[in-house]
Amino acid sequence: MPITQSLKTRLQQKKVRYILYSLLMFGALIWAGELLQSALGNSTVQFLLTPKSLRVVILTLIFAVGGSYFTQYDSLSFSRGRFRGLIVSLLPLSLTLGVLLSFYHFPNFSFFFKMFALVVVGFLYYIISLVNNIFLVVDEKADVFPLYRVAVTWSQILLVIVSIPVYVGIYKLHYAPIGQAIWATIPSFIFAGYYLWNLSFDKRVRRLSLLEKGINSLFCVFLVALSGLAVSFIPTEPFLRGLFSASVLLFGLNYLEGYLKNRLNKGFLYIYGGIFLIFLILILVFRP
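Numbering (the working numbering), first residue to last: 1 to 288.
A hint or two may mislead.
As the list claims (entries may be wrong) - Below, computed lysine to any residue pairings styled on SDA-like, alpha-carbon distance capped at 20 Å: (1) Lys114 <-> Tyr126; (2) Lys52 <-> Arg82; (3) Lys203 <-> Pro146; (4) Lys141 <-> Arg204; (5) Lys261 <-> Ser209; (6) Lys141 <-> Asp202; (7) Lys213 <-> Leu277; (8) Lys114 <-> Ile161; (9) Lys172 <-> Gln156; (10) Lys213 <-> Leu264; (11) Lys213 <-> Ile190.
Rather than coming from a laboratory, the hints here were simulated on the basis of the structure.
Work the whole structure out from these sequences, hints included.
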């Protein structure tokens, strides 16, 4: 059976699990949002230290990881690489953390807006499961097929979308700009590492050692941390800073891909430099 047909058959069999996972996280996030609002005061320090809030956050993150393993357990059993279970749980974990931070920092959202946002988030969990499954099948078959390139594109889109609430949540924390920049390095490293894993199956991408992957991921970390720290001196909303950092992450991910495929050119710099400038202008124009 051709690989593409085999993948389509497998996806049909897994759709029920993906839908169940999305519904589980939809319900878990509603539950977590209600408990966080009842458990927290107005201090971000309480968000970090209140035992009840910590239990809610930890349980919700466990749901995200457990559900990710549940949706991919058969593919993981055939995977040829190490730590695949951890890798495929990175995006669901980051998305869950971003939603929890949004619940805390923006408690005044209307009920209908929250429900709409959670429906979108549930759909994102479904898409993440589909994309991760494609990468695991490529890993299992040791062969690249057309859906793989679609999955790489979608993984980049998902990384940018997921990074926005994470960065915004970090920039809303009651820390000095240097502290916020340090916290932002953690998800940036995770996002870059996940994207490098996605690219590692492409035969046009040169092979990297674990050390080289770490160094390349640190390049994205450096860009996001430095740019985030630079704009912190401009009075602006954390939401715009989060969008700006997401645009810098997009630049970094595409730079890494172009570098590994030897496809860097002036056109690349013009396109992503333009995106970078657009968000920088927004920060300069829309001040509180």
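Tested hints:
| no. | hint | result |
| --- | --- | --- |
| 1 | Lys114 <-> Tyr126 | holds (18 Å) |
| 2 | Lys52 <-> Arg82 | violated (35 Å) |
| 3 | Lys203 <-> Pro146 | holds (13 Å) |
| 4 | Lys141 <-> Arg204 | holds (17 Å) |
| 5 | Lys261 <-> Ser209 | holds (16 Å) |
| 6 | Lys141 <-> Asp202 | holds (13 Å) |
| 7 | Lys213 <-> Leu277 | violated (28 Å) |
| 8 | Lys114 <-> Ile161 | holds (17 Å) |
| 9 | Lys172 <-> Gln156 | violated (25 Å) |
| 10 | Lys213 <-> Leu264 | holds (18 Å) |
| 11 | Lys213 <-> Ile190 | holds (11 Å) |
Consistency with the previously given hints fails for numbers 2, 7 and 9, ordered from lowest to highest.
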